[in-house]
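If you read the sequences in order, they're chains B and X.
Position one of the first sequence corresponds to residue 1 (UniProt numbering), numbered consecutively onward.
Position one of the second sequence corresponds to residue 1 (UniProt numbering), numbered consecutively onward.
Keep in mind that the hints were calculated from the coordinates and are not lab data.
It should be emphasised that the depicted structure is a prediction, and the values quoted were computed from it without experimental measurement.
Just so you know, even glycine gets a beta-carbon here, dropped at the ideal spot from N, CA and C.
Incorrect hints may have been included.
[Claimed, not checked] Subject to a maximum C-alpha distance of 30 Å in a straight line, what follows is the list of computed DSS-like cross-link-like pairs (lysine-lysine):
{"no.": "1", "chain 1": "X", "residue 1": "149", "chain 2": "B", "residue 2": "131"}
{"no.": "2", "chain 1": "X", "residue 1": "389", "chain 2": "B", "residue 2": "131"}
{"no.": "3", "chain 1": "X", "residue 1": "334", "chain 2": "B", "residue 2": "163"}
[Stated by the list, open to error] Listing some non-contacts, in silico: residues in chain B with all C-beta distances to chain X over 10 Å:
{"no.": "4", "residue": "169"}
{"no.": "5", "residue": "188"}
{"no.": "6", "residue": "219"}
{"no.": "7", "residue": "281"}
{"no.": "8", "residue": "314"}
{"no.": "9", "residue": "364"}
{"no.": "10", "residue": "428"}
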Amino acid sequence: MQVQCTWTFPQMRFRHSTSSVLSLSEHLSESFGVRIGSGRGRSCGYPSFVPTMSTVSTEKDTVSTLSDSIQKTPRPLQVAKRLEKFKTTIFTQMSNLAIKHGAINLGQGFPNFDGPEFVKEAAIQAIKDGKNQYARGYGVQELNNAIAERFKKDTGLAVDPEKEVTVTSGCTEAIAATILGLINPGDEVILFAPFYDSYEATLSMAGANVKCVTLRPPNFAVPINELKSAISKNTRAVLINTPHNPTGKMFTREEMNAIASLCIENDVLVFTDEVYDKLAFEMDHISMASLPGMFERTVTMNSLGKTFSLTGWKIGWAIAPPHLTWGVRQAHAFLTFATSTPMQWATSVALRAPDSYYEELKRDYMKKKAILVEGLEAVGFKVFPSSGTYFVVVDHTPFGLENDIAFCEYLIEKVGVVAIPTSVFYLNPEDGKNLVRFTFCKDEETLKAAVKRMKEKLMRK
Amino acid sequence: MEEKLSTVAKSFTSSPIQELSHLAQRCSAINLAEGFPDFPAPAHIKTAAVSAINSDFNQYRHVQGLCDHLAIMAKKMHGLDVNPLTDIAICCGQTEAFAAAVFAIIDRGDEVVLFDPSYETYEGCITMAGGIPVFVALDPPHWTLDPNKLLQSVTRRTKAIVLNSPQNPTGKVFSKDELETIAGVCRTWNCLAITDEVYEHITFENEKHISLASFSGMQERTIITSSLSKTFSVTGWRVGWAIAPAFIASAIRNIHVKITDSAPAPFQEAALTALRSPSEYFESLRRDYESKRDYIVKLLAGIGFKIEFKPQGSIFLFAEIPESCLLSDVEYVKELIKQAGVVAVPGRGFFHTNLSMKKISQEDFSYQERYIRFAFCKSDTTLAAAAQKLGKLSDATGRLKLHHSDT
Chain B
1 MQVQCTWTFP
11 QMRFRHSTSS
21 VLSLSEHLSE
31 SFGVRIGSGR
41 GRSCGYPSFV
51 PTMSTVSTEK
61 DTVSTLSDSI
71 QKTPRPLQVA
81 KRLEKFKTTI
91 FTQMSNLAIK
101 HGAINLGQGF
111 PNFDGPEFVK
121 EAAIQAIKDG
131 KNQYARGYGV
141 QELNNAIAER
151 FKKDTGLAVD
161 PEKEVTVTSG
171 CTEAIAATIL
181 GLINPGDEVI
191 LFAPFYDSYE
201 ATLSMAGANV
211 KCVTLRPPNF
221 AVPINELKSA
231 ISKNTRAVLI
241 NTPHNPTGKM
251 FTREEMNAIA
261 SLCIENDVLV
271 FTDEVYDKLA
281 FEMDHISMAS
291 LPGMFERTVT
301 MNSLGKTFSL
311 TGWKIGWAIA
321 PPHLTWGVRQ
331 AHAFLTFATS
341 TPMQWATSVA
351 LRAPDSYYEE
361 LKRDYMKKKA
371 ILVEGLEAVG
381 FKVFPSSGTY
391 FVVVDHTPFG
401 LENDIAFCEY
411 LIEKVGVVAI
421 PTSVFYLNPE
431 DGKNLVRFTF
441 CKDEETLKAA
451 VKRMKEKLMR
461 K
Chain X
1 MEEKLSTVAK
11 SFTSSPIQEL
21 SHLAQRCSAI
31 NLAEGFPDFP
41 APAHIKTAAV
51 SAINSDFNQY
61 RHVQGLCDHL
71 AIMAKKMHGL
81 DVNPLTDIAI
91 CCGQTEAFAA
101 AVFAIIDRGD
111 EVVLFDPSYE
121 TYEGCITMAG
131 GIPVFVALDP
141 PHWTLDPNKL
151 LQSVTRRTKA
161 IVLNSPQNPT
171 GKVFSKDELE
181 TIAGVCRTWN
191 CLAITDEVYE
201 HITFENEKHI
211 SLASFSGMQE
221 RTIITSSLSK
231 TFSVTGWRVG
241 WAIAPAFIAS
251 AIRNIHVKIT
261 DSAPAPFQEA
271 ALTALRSPSE
281 YFESLRRDYE
291 SKRDYIVKLL
301 AGIGFKIEFK
311 PQGSIFLFAE
321 IPESCLLSDV
331 EYVKELIKQA
341 GVVAVPGRGF
351 FHTNLSMKKI
361 SQEDFSYQER
371 YIRFAFCKSD
381 TTLAAAAQKL
391 GKLSDATGRL
401 KLHHSDT
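Generate the whole structure from the sequences, applying the supplied hints.
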């Protein structure tokens with residue numbers, strides 16, 4: 001129902017849906033798997049736990065009328081049902097354990113070196129120049145322009161910075177705004193597992209019905225037949241992360257073409273997370289939006305953080321045709337309203353960096369990758385090929401631990417190195433139990449020190 | 001492809017405040033609409049931010065010192081015992097703290113009580129989470145809370161009450177009695193409360209901001225949200241927070257991590273410096289804003305506005321259009337922009353017609369189109385320029401004469 005003003009009667013819009021509250025939570029428990037530490041080994045589609053905190057519906061039934069209810073049985077104060085998916089992340093858990101044991105952290109994906117001076121200077125200048133108040137909700141014009149220019153350079157696509165670019169607090173928020181702005185409760189969305197954990201959580205906030213297609217070692221290729229059976233006219237959107245966290249896989253042109261034709265055939269949207277696009281080592285990065293027929297149905301998301309080693313600044317963006325941008329902007333307005341002003345100005349400077357910056361970035365990361373990969377292979381891991389990102393996924397089973405979490409705990413406590421267990425990136429944790437993720441976004445000394453520890457203390461069983 | 005938008009997104013229109021700002025920009029009007037300062041942020045805070053960037057505080061970050069300090073302030077200002085390790089979530093502005101709080105506690109079908117007139121964003125957030133906003137009208141001209149109206153709006157589906165005090169747009173600071181009434185309802189009906197206290201340090205005369213959480217039985221059910229923005233004139237830095245009982249704060253933190261992952265790191269560092277500002281900073285903040293308030297009240301009263309209610313806090317004045325003028329708020333503001341070169345916000349966007357209340361009360365709600373919100377968080381130069389421009393349009397008796405233009 002298209003409503004014109006903000007102040008009509010929301011009650012009318014939602015009255016019909018309150019009766020479906022129970023069925024929504026039922027189907028949520030069916031679609032989702034479990035988190036770390038609580039019951040492993042459940043597969044997609046298998047009924048999972050019942051939300052533990054929800055007793056609202058039964059207690060409400062004991063209250064008969066408005067007037068006799070003044071001293072009713074107090075219901076327990078509770079958080080929303082959607083929070084079943086939201087526990088402390090594995091990253092925080094592992095980081096805490098790492099600190100406790102003085103371990104070298106190759107787990108969390110942010111650099112231990114800083115961003116380039118010219119970008120930091122630009123932010124400082126912006127602060128001094130008084131650019132400290134609310135920016136335009138969808139982005140400082142300079143930045144929107146710079147994003148459009150960069151996108152044209154990267155993909156050949158000309159986009160309107162005013163109507164097709166939205167700046168957000170990091171790519172994380174771009175994803176949240178895209179999903180909340182464009183996905184209805186009950187809509188079917190397809191994810192490729194393993195996936196970055198915020199996707200599933202945000203989709204659950206939007207009440208989506210998540211289906212996943214699993215990418216498997218050794219090269220994590222897209223199983224096209226599985227995808228064909230998964231996508232139908234009922235599918236609302238597909239979410240693609242390329243270059244891919246955690247595997248480092250980059251979707252090939254063939255894979256992208258296949259996905260594109262399925263999406264066009266079934267009228268499906270595509271949301272792409274391309275934050276590692278500048279860390280593409282073994283092949284060229286391909287933006288889905290640049291494929292024929294795809295721009296009109298694609299939201300392309302990216303950010304400053306990974307490319308410029310400034311992950312704490314939280315500048316991201318979504319590029320999409322106007323009718324999709326509209327949805328993204330609506331949600332964004334209520335999530336954060338505006339994005340950090342001085343950092344936006346600095347980002348507009350960053351994005352105009354010369355080609356030499358990007359070439360040097362790649363060279364540096366390739367050197368780091370070589371150190372880590374050689375080290376991991378020498379120690380005895382089975383290392384899978386990673387074409388992009390600053391992640392590498394390995395099979396830890398040569399060391400005889402029963403699963404990825406046990407291995408990571410052992411690695412921290414006995415070896416003094418942190419990796420991330422990948423089971424958390426799957427809907428079905430079983431799929432990830434043999435794999436762990438290492439990152440090489442650390443300075444060379446740190447990488448060498450980690451490799452040394454592993455060579456010394458990680459015995460091949 | 002329009003059908004690809006979610007139902008919720010389709011129901012939203014762009015912010016009327018932002019649209020008027022665009023018109024004002026096109027007419028080069030003096031902007032007394034949007035609530036952010038046009039004077040510089042305090043130097044010591046900017047220095048702290050610059051220093052943070054240079055010291056490489058630029059990666060994803062959680063600054064525990066910030067939580068520690070917020071806990072100290074909560075104790076000092078409101079006598080609240082807050083555990084800085086578990087009860088605080090740092091977010092991208094109060095906006096995100098509020099959004100995360102709503103997502104943390106509101107399920108589809110939950111009702112949320114709000115006091116009208118109210119800031120437009122609360123409703124949108126609640127709706128996005130599947131909640132049902134229920135508005136309780138405060139009574140003009142002093143925007144008093146009628147306890148009966150509140151009681152009539154609370155049902156067994158009420159999950160939470162949202163309280164913004166000092167209030168945008170009216171500048172009202174809820175009295176102790178009113179807060180006690182709200183607290184009583186929360187306790188009796190076992191509801192939660194979400195407060196927006198962004199103007200907590202901007203109160204006038206002898207008004208003190210009292211947090212709802214400090215009332216008996218309230219801390220365990222209240223989520224306090226606030227931010228750096230208004231207190232330190234850095235609305236563009238996006239550092240805010242939620243303070244709540246541990247299990248709710250934890251939920252908010254987890255949601256925040258999924259929405260944005262972290263608030264801008266260098267500004268979290270600078271926030272530490274900001275919050276440690278000496279008491280003189282806060283006193284002069286109040287004094288400055290109070291004199292700006294007095295200036296604008298005098299100026300508008302002088303051109304015929306009815307200022308029955310002087311703001312007790314916040315950076316806004318909610319003024320009623322002169323009786324002699326028959327224009328609606330929107331028409332008046334349009335003329336104000338075009339003829340006087342000054343922009344303000346028509347009040348109707350802050351009122352929400354509530355069908356059930358109208359039917360019950362037979363009250364006259366026509367006042368909802370007669371108010372205009374002026375922001376006075378502007379430099380003295382700007383305010384003086386506004387005075388001058390408005391002065392040019394006054395007639396011999398000093399009353400503002402707006403001519404109907406042909407549009």
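Hints, verified against the model:
About 44 Å separates the Cα atoms of residue 149(X) and residue 131(B), which puts this hinted pair outside 30 Å; it is violated. Using a Cα cut-off of 30 Å, the hinted pair residue 389(X) and residue 131(B) holds, with the two alpha carbons roughly 27 Å apart. Distance restraint check for residue 334(X) and residue 163(B): the Cα-Cα separation of roughly 25 Å lies within the 30 Å cut-off, and the hinted pair is therefore satisfied. The Cβ of residue 169(B) sits about 4 Å from the closest Cβ of chain X, inside the 10 Å cut-off, so the non-interface label is violated.
With a cut of 10 Å on Cβ distances, residue 188(B) stays outside the contact zone with chain X, its closest approach being about 13 Å. Distance check for residue 219(B) against chain X: the nearest CB is about 29 Å away, which clears 10 Å, and the non-interface claim stands. With 10 Å as the threshold on Cβ separation, the claim that residue 281(B) sits away from chain X holds: the shortest Cβ distance comes to roughly 22 Å. Listed as a non-interface residue, residue 314(B) fails to keep its Cβ farther than 10 Å from every Cβ of chain X; the least gap is roughly 5 Å.
Residue placement check: residue 364(B) keeps its beta carbon more than 10 Å from all beta carbons of chain X (closest about 17 Å). Residue placement check: residue 428(B) keeps its beta carbon more than 10 Å from all beta carbons of chain X (closest about 21 Å).
Hints 1, 4, 8, counting from the list given before, are not met by this structure.
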